[in-house]
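Participant: Sequence:
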Amino acid sequence: MARNRNILLTLTIESSIVLVAAMVAFRLHEVIARPMEFSVFILVAIYACLKTLSILCSPIIKKFASMSECSSMEFQAAGIATTAPNDVEIQKQRMELFHQEYQYEQQQYVQRKENADEAKLQAVLKYTKDTFKNLDFEETEIFQLSECVRYFVTNKQPLTQTDIRIKRRASVTQIALKNFAWNIAFQYNIGGDATALFVMHTFNEWFTNSTLETIRKNLRTTTGRHKIEINEKIISDKCGLL
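The numbering used here applies: residue 1 is where the sequence shown begins, and numbers increase by one.
Please keep in mind that the hints were generated in silico from the structure rather than gathered at the bench.
Note that the structure is a prediction, hence the values are computed from the model and not measured.
Note that CB positions come from ideal geometry on N, CA and C, so glycine has one too.
Some hints here could point you the wrong way.
[Said to hold, decoys possible] The following label-pair restraints were derived from C-beta to C-beta distances:
1) Tyr104 with Asp136: 36 to 42 angstroms
2) Tyr104 with Thr162: 28 to 34 angstroms
3) Gln122 with Asn209: 22 to 28 angstroms
4) Leu212 with Leu97: 23 to 29 angstroms
5) Leu212 with Ala116: 29 to 35 angstroms
6) Glu232 with Asn155: 21 to 27 angstroms
7) Glu213 with Glu139: 20 to 26 angstroms
Produce the complete structure using the sequences and hints provided.
Facilitator: Here is the structure:
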(Lines of atoms letter the chains of each structure in order from A; the text may use other names.)
(Lines give C-alpha, C1' and ligand atoms only; values in the text may rest on other atoms or scores of the structure.)
Protein backbone atom coordinates (compact mmCIF):
# COMPACT_ATOMS: atom_id res chain seq x y z
CA MET A 1 0.00 0.00 0.00
CA ALA A 2 2.90 2.41 0.81
CA ARG A 3 4.48 1.68 -2.61
CA ASN A 4 1.25 2.50 -4.43
CA ARG A 5 0.95 5.68 -2.44
CA ASN A 6 4.51 6.75 -3.42
CA ILE A 7 3.84 6.05 -7.11
CA LEU A 8 0.66 8.13 -6.95
CA LEU A 9 2.53 10.97 -5.27
CA THR A 10 5.30 10.90 -7.93
CA LEU A 11 2.80 10.95 -10.80
CA THR A 12 0.97 13.85 -9.19
CA ILE A 13 4.19 15.87 -8.85
CA GLU A 14 5.33 15.08 -12.42
CA SER A 15 1.96 16.04 -13.85
CA SER A 16 1.97 19.28 -11.90
CA ILE A 17 5.51 20.15 -13.08
CA VAL A 18 4.67 19.52 -16.74
CA LEU A 19 1.44 21.51 -16.47
CA VAL A 20 3.09 24.50 -14.77
CA ALA A 21 6.03 24.48 -17.20
CA ALA A 22 3.70 24.40 -20.20
CA MET A 23 1.55 27.24 -18.86
CA VAL A 24 4.58 29.45 -18.14
CA ALA A 25 6.17 28.72 -21.52
CA PHE A 26 2.92 29.46 -23.32
CA ARG A 27 2.49 32.71 -21.40
CA LEU A 28 6.07 33.86 -22.15
CA HIS A 29 5.57 33.01 -25.83
CA GLU A 30 2.58 35.37 -25.96
CA VAL A 31 4.34 38.16 -24.06
CA ILE A 32 7.77 38.06 -25.76
CA ALA A 33 6.43 36.93 -29.16
CA ARG A 34 9.38 34.67 -29.93
CA PRO A 35 9.36 31.72 -32.39
CA MET A 36 7.90 28.41 -31.26
CA GLU A 37 11.37 26.78 -31.15
CA PHE A 38 12.41 29.34 -28.52
CA SER A 39 9.31 28.46 -26.44
CA VAL A 40 10.36 24.80 -26.48
CA PHE A 41 13.70 25.71 -24.93
CA ILE A 42 11.91 27.81 -22.32
CA LEU A 43 9.56 24.88 -21.55
CA VAL A 44 12.50 22.53 -21.08
CA ALA A 45 14.32 25.04 -18.88
CA ILE A 46 11.27 25.64 -16.67
CA TYR A 47 10.66 21.87 -16.40
CA ALA A 48 14.28 21.34 -15.37
CA CYS A 49 14.04 24.02 -12.69
CA LEU A 50 10.78 22.69 -11.31
CA LYS A 51 12.08 19.12 -11.41
CA THR A 52 15.19 20.13 -9.46
CA LEU A 53 13.02 21.95 -6.94
CA SER A 54 10.76 18.91 -6.52
CA ILE A 55 13.76 16.64 -5.94
CA LEU A 56 15.07 19.00 -3.27
CA CYS A 57 11.64 19.21 -1.61
CA SER A 58 10.89 15.48 -1.98
CA PRO A 59 12.02 14.50 1.58
CA ILE A 60 9.85 17.24 3.07
CA ILE A 61 6.83 16.13 1.01
CA LYS A 62 7.33 12.50 1.97
CA LYS A 63 7.70 13.44 5.64
CA PHE A 64 4.50 15.45 5.47
CA ALA A 65 2.69 12.52 3.81
CA SER A 66 4.02 10.16 6.48
CA MET A 67 2.82 12.49 9.23
CA SER A 68 -0.58 12.70 7.60
CA GLU A 69 -0.77 8.90 7.45
CA CYS A 70 0.18 8.60 11.13
CA SER A 71 -2.43 11.20 12.04
CA SER A 72 -5.05 9.27 10.08
CA MET A 73 -4.12 6.02 11.83
CA GLU A 74 -4.21 7.73 15.24
CA PHE A 75 -7.62 9.15 14.42
CA GLN A 76 -8.91 5.69 13.47
CA ALA A 77 -7.41 4.20 16.63
CA ALA A 78 -9.03 6.93 18.68
CA GLY A 79 -12.32 6.15 16.98
CA ILE A 80 -11.99 2.47 17.89
CA ALA A 81 -11.00 3.37 21.44
CA THR A 82 -14.07 5.60 21.77
CA THR A 83 -16.36 2.99 20.25
CA ALA A 84 -15.19 0.14 22.49
CA PRO A 85 -16.33 1.73 25.78
CA ASN A 86 -19.63 2.61 24.13
CA ASP A 87 -20.10 -1.04 23.13
CA VAL A 88 -19.28 -2.14 26.67
CA GLU A 89 -21.77 0.36 28.08
CA ILE A 90 -24.49 -0.81 25.67
CA GLN A 91 -23.78 -4.43 26.61
CA LYS A 92 -23.98 -3.50 30.29
CA GLN A 93 -27.32 -1.77 29.77
CA ARG A 94 -28.66 -4.82 27.90
CA MET A 95 -27.52 -7.08 30.74
CA GLU A 96 -29.23 -4.87 33.31
CA LEU A 97 -32.43 -4.86 31.26
CA PHE A 98 -32.26 -8.64 30.86
CA HIS A 99 -31.69 -9.03 34.62
CA GLN A 100 -34.73 -6.87 35.41
CA GLU A 101 -36.93 -8.78 32.97
CA TYR A 102 -35.64 -12.13 34.27
CA GLN A 103 -36.28 -11.19 37.89
CA TYR A 104 -39.79 -9.98 37.04
CA GLU A 105 -40.60 -13.18 35.13
CA GLN A 106 -39.15 -15.26 37.99
CA GLN A 107 -41.36 -13.44 40.49
CA GLN A 108 -44.37 -13.97 38.25
CA TYR A 109 -43.54 -17.67 37.93
CA VAL A 110 -43.15 -18.08 41.70
CA GLN A 111 -46.42 -16.23 42.28
CA ARG A 112 -48.28 -18.37 39.74
CA LYS A 113 -46.84 -21.55 41.28
CA GLU A 114 -47.83 -20.47 44.78
CA ASN A 115 -51.34 -19.65 43.57
CA ALA A 116 -51.60 -23.01 41.79
CA ASP A 117 -50.31 -24.90 44.85
CA GLU A 118 -52.77 -23.09 47.10
CA ALA A 119 -55.66 -23.76 44.71
CA LYS A 120 -54.66 -27.44 44.57
CA LEU A 121 -54.53 -27.67 48.38
CA GLN A 122 -57.93 -26.02 48.73
CA ALA A 123 -59.39 -28.48 46.21
CA VAL A 124 -57.98 -31.44 48.16
CA LEU A 125 -59.32 -30.05 51.43
CA LYS A 126 -62.73 -29.52 49.83
CA TYR A 127 -62.69 -33.12 48.61
CA THR A 128 -61.87 -34.23 52.16
CA LYS A 129 -64.64 -32.17 53.72
CA ASP A 130 -67.28 -33.22 51.16
CA THR A 131 -66.30 -36.90 51.36
CA PHE A 132 -66.62 -37.22 55.11
CA LYS A 133 -69.59 -34.91 55.38
CA ASN A 134 -71.43 -37.33 53.08
CA LEU A 135 -70.39 -40.15 55.43
CA ASP A 136 -71.97 -38.27 58.39
CA PHE A 137 -68.71 -37.55 60.22
CA GLU A 138 -68.91 -34.85 62.88
CA GLU A 139 -67.59 -31.34 62.27
CA THR A 140 -64.73 -31.73 64.76
CA GLU A 141 -63.72 -34.99 63.10
CA ILE A 142 -63.77 -33.42 59.63
CA PHE A 143 -61.62 -30.58 60.95
CA GLN A 144 -59.07 -33.07 62.34
CA LEU A 145 -59.07 -34.98 59.06
CA SER A 146 -58.52 -31.75 57.12
CA GLU A 147 -55.55 -30.86 59.33
CA CYS A 148 -54.09 -34.33 58.86
CA VAL A 149 -54.48 -34.08 55.08
CA ARG A 150 -52.96 -30.58 54.99
CA TYR A 151 -49.89 -31.76 56.93
CA PHE A 152 -49.63 -34.95 54.84
CA VAL A 153 -49.55 -33.26 51.43
CA THR A 154 -47.29 -30.44 52.64
CA ASN A 155 -44.67 -32.58 54.40
CA LYS A 156 -45.09 -35.90 52.55
CA GLN A 157 -45.49 -37.69 55.89
CA PRO A 158 -48.36 -38.22 58.34
CA LEU A 159 -49.16 -36.03 61.32
CA THR A 160 -48.26 -38.09 64.41
CA GLN A 161 -47.69 -35.61 67.23
CA THR A 162 -51.33 -34.82 68.03
CA ASP A 163 -54.08 -36.96 69.52
CA ILE A 164 -56.36 -37.75 66.59
CA ARG A 165 -59.83 -38.89 67.62
CA ILE A 166 -61.88 -40.18 64.71
CA LYS A 167 -64.67 -42.47 65.88
CA ARG A 168 -64.90 -45.77 64.03
CA ARG A 169 -68.06 -46.40 61.98
CA ALA A 170 -68.99 -49.86 60.83
CA SER A 171 -70.47 -48.45 57.58
CA VAL A 172 -67.06 -47.11 56.52
CA THR A 173 -64.69 -49.89 55.57
CA GLN A 174 -60.93 -50.12 55.59
CA ILE A 175 -60.97 -50.31 51.78
CA ALA A 176 -62.87 -47.00 51.53
CA LEU A 177 -60.40 -45.23 53.83
CA LYS A 178 -57.37 -46.63 51.98
CA ASN A 179 -58.92 -45.53 48.69
CA PHE A 180 -59.37 -42.05 50.15
CA ALA A 181 -55.71 -41.89 51.23
CA TRP A 182 -54.56 -43.16 47.81
CA ASN A 183 -56.64 -40.51 46.01
CA ILE A 184 -54.96 -37.79 48.07
CA ALA A 185 -51.44 -39.21 47.75
CA PHE A 186 -51.79 -39.64 43.99
CA GLN A 187 -52.30 -35.90 43.47
CA TYR A 188 -48.93 -35.19 45.13
CA ASN A 189 -47.02 -38.28 43.97
CA ILE A 190 -46.53 -39.49 47.56
CA GLY A 191 -45.14 -43.00 47.94
CA GLY A 192 -46.86 -46.07 49.34
CA ASP A 193 -44.95 -46.21 52.64
CA ALA A 194 -45.87 -42.64 53.63
CA THR A 195 -49.46 -43.20 52.51
CA ALA A 196 -49.75 -46.40 54.58
CA LEU A 197 -48.43 -44.53 57.63
CA PHE A 198 -51.01 -41.80 57.00
CA VAL A 199 -53.80 -44.39 56.97
CA MET A 200 -52.54 -46.11 60.13
CA HIS A 201 -52.15 -42.90 62.18
CA THR A 202 -55.19 -41.01 60.91
CA PHE A 203 -57.70 -43.89 61.02
CA ASN A 204 -56.08 -45.81 63.88
CA GLU A 205 -59.39 -47.18 65.24
CA TRP A 206 -59.97 -49.03 61.94
CA PHE A 207 -56.44 -50.46 61.71
CA THR A 208 -55.48 -51.41 65.29
CA ASN A 209 -54.87 -55.02 64.25
CA SER A 210 -53.27 -54.26 60.85
CA THR A 211 -49.60 -54.08 59.99
CA LEU A 212 -47.98 -51.36 57.93
CA GLU A 213 -46.99 -53.88 55.27
CA THR A 214 -50.55 -55.16 54.93
CA ILE A 215 -51.93 -51.65 54.49
CA ARG A 216 -49.24 -50.72 51.96
CA LYS A 217 -49.93 -53.79 49.79
CA ASN A 218 -53.65 -53.00 49.42
CA LEU A 219 -53.88 -49.23 49.24
CA ARG A 220 -55.87 -49.21 46.01
CA THR A 221 -58.99 -51.27 45.38
CA THR A 222 -60.93 -50.86 42.13
CA THR A 223 -63.13 -53.96 42.28
CA GLY A 224 -66.55 -53.88 43.91
CA ARG A 225 -68.50 -50.89 45.19
CA HIS A 226 -67.23 -48.81 48.09
CA LYS A 227 -68.31 -45.62 49.82
CA ILE A 228 -65.04 -44.02 48.64
CA GLU A 229 -63.98 -45.12 45.17
CA ILE A 230 -60.59 -44.75 43.51
CA ASN A 231 -60.58 -41.44 41.61
CA GLU A 232 -57.40 -40.08 40.02
CA LYS A 233 -59.11 -36.80 39.09
CA ILE A 234 -60.53 -35.68 42.41
CA ILE A 235 -59.22 -32.15 41.92
CA SER A 236 -60.60 -31.64 38.41
CA ASP A 237 -63.86 -33.28 39.45
CA LYS A 238 -64.25 -30.81 42.30
CA CYS A 239 -63.13 -27.52 40.79
CA GLY A 240 -61.82 -28.06 37.27
CA LEU A 241 -58.19 -27.22 38.06
CA LEU A 242 -56.54 -30.02 36.08
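Participant: Please go over all the hints and tell whether each is borne out by the structure.
Facilitator: To see whether the hints hold, each was checked on the structure:
{"no.": "1", "hint": "Tyr104 with Asp136: 36 to 42 angstroms", "verdict": "violated (50 angstroms)"}
{"no.": "2", "hint": "Tyr104 with Thr162: 28 to 34 angstroms", "verdict": "violated (42 angstroms)"}
{"no.": "3", "hint": "Gln122 with Asn209: 22 to 28 angstroms", "verdict": "violated (35 angstroms)"}
{"no.": "4", "hint": "Leu212 with Leu97: 23 to 29 angstroms", "verdict": "violated (56 angstroms)"}
{"no.": "5", "hint": "Leu212 with Ala116: 29 to 35 angstroms", "verdict": "holds (33 angstroms)"}
{"no.": "6", "hint": "Glu232 with Asn155: 21 to 27 angstroms", "verdict": "holds (22 angstroms)"}
{"no.": "7", "hint": "Glu213 with Glu139: 20 to 26 angstroms", "verdict": "violated (34 angstroms)"}
Violated hints, listed in ascending order, are 1, 2, 3, 4 and 7; each of the other numbered hints is respected by the structure.
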